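Quick note, the sequences are listed as chains A and B, same order.
Number 243 in the numbering used here belongs to position 243 of the first sequence; there are no gaps in the numbering.
Number 1 in the numbering used here belongs to position 1 of the second sequence; there are no gaps in the numbering.
Calculated from the structure, these hints are not laboratory results.
Keep in mind that a hint or two might mislead.
Computed beta-carbon distance windows for the label pairs [to be verified]:
id, chain 1, residue 1, chain 2, residue 2, range
1, A, V227, B, F50, 42 to 48 Å
2, B, D46, A, S223, 36 to 42 Å
3, B, R42, A, K197, 18 to 24 Å
4, A, R145, B, V100, 28 to 34 Å
Only a predicted model underlies this, so the values are computations on that prediction, with no experimental measurement involved.
Yeah, the Cβ is synthetic: ideal placement off N, Cα and C, and Gly gets one too.
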Amino acid sequence: MAITTMPDYRIDNGKIGEYIVSSDVGTGSAYTAITYSYYTTASNIVNNTVNQYIYTDNIHGTGGGNSTYTYKIIDRSVITYQPATYYYYSNISNISDIFSVADKKFLFKSKLQQNFMDTRVIKVPRGTPQEEKARELLREMVTSREFKEYLIKGRLTVIGKTNLRYVIRPGHQMVEVFAKDKNGKYRIVERLCLVLKDHNIPPTDSVIMRKLMIEHDEFAFRSLANVYKVADHSEFDQNQIAGLVRQVA
Amino acid sequence: MWKTNEEKGNTSMSAITETELESKKKEGNINFKVMGPSGDDRFAWDRRDFDQIKQARDRFYELIKKGYIAFGVNTKGEKHQKMGRFDPDAEEVIFVAPVVGG
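Could you build the full structure based on these sequences and the hints that come with them?
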């Protein structure tokens, strides 16, 4: 099996819409086909480029048939496709009709942007199939902007009913709670630890669990979590802190 | 203090009656998404089928008993409200695996 890495494609200039690419090899006819299995998931789209890692196999035989796949450009930052892995018997020039190849100038600019990002953050690496499945679920629950932030920076910000801001990271990392200080700036006030009992569950499922609980049952979340106080409550906006204390009590 | 519905004593199978179930039959499929080591396992059931509703109800309370927390999209269109009891009208239910303070 040959492994080919395709050029990076720009997706920022892709036309928004749904593209269906299909081919027909004609049942019963002899054919030479190249099978492409694309591993293009939302998680390897960073900085407006998409990497297509393609595994190719040359197949000779008879038979054939129809094959169709769909690209959906949602908002020029995230692409989904159906089915997850697909094959088609034709050349791949169709992709160029949708996306243009990222030139050196574009890649340099993207890299520069990446270097300016917060260096403390952890980029979420491509995961196992289970982890990818969990990310797909998260993708359904958040906006594309939030999802992109999660993939690039490895964190998701959720605002609770008390207006406290919770920064969630995958796996067993602690949740950071931010509240407004007396100058109106958000500062970390405490760290919370609440994890899934089963350690084999993908890290992104922890993010889903925390997001759902903070948004819909903040009281339960805070009651169950171990709380580690980081700053003196007197330094913060007392309206917000009052909400926090009331919840803990 | 957080209590599961079972601790509160209201997760028995009779929490929703057969009559209620019958009256809540509506068109369409519902998805259960259950967190697990393999990502989320999905179970689809048809709310037009009374047997499937009963099976789904059993599955719901079985998971709650195991410590899962259910969040469903309710009929008002509110996303992922916490569900203390089975609701055949919920559009989709996500079951969060049992949690513990770390």
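Hint-by-hint comparison with the structure:
Between A/V227 and B/F50 the beta carbon distance is about 46 Å. The supplied range of 42 to 48 Å therefore holds. A C-beta distance of roughly 37 Å is found between B/D46 and A/S223, which places it inside the suggested range of 36 to 42 Å. Separation of B/R42 from A/K197 is about 21 Å and conforms to the stated range, judged on CB atoms against 18 to 24 Å. For A/R145 and B/V100, the hinted distance range of 28 to 34 Å is satisfied, since their beta carbons lie about 32 Å from each other.
Hint violations for this structure: none, all hints satisfied.
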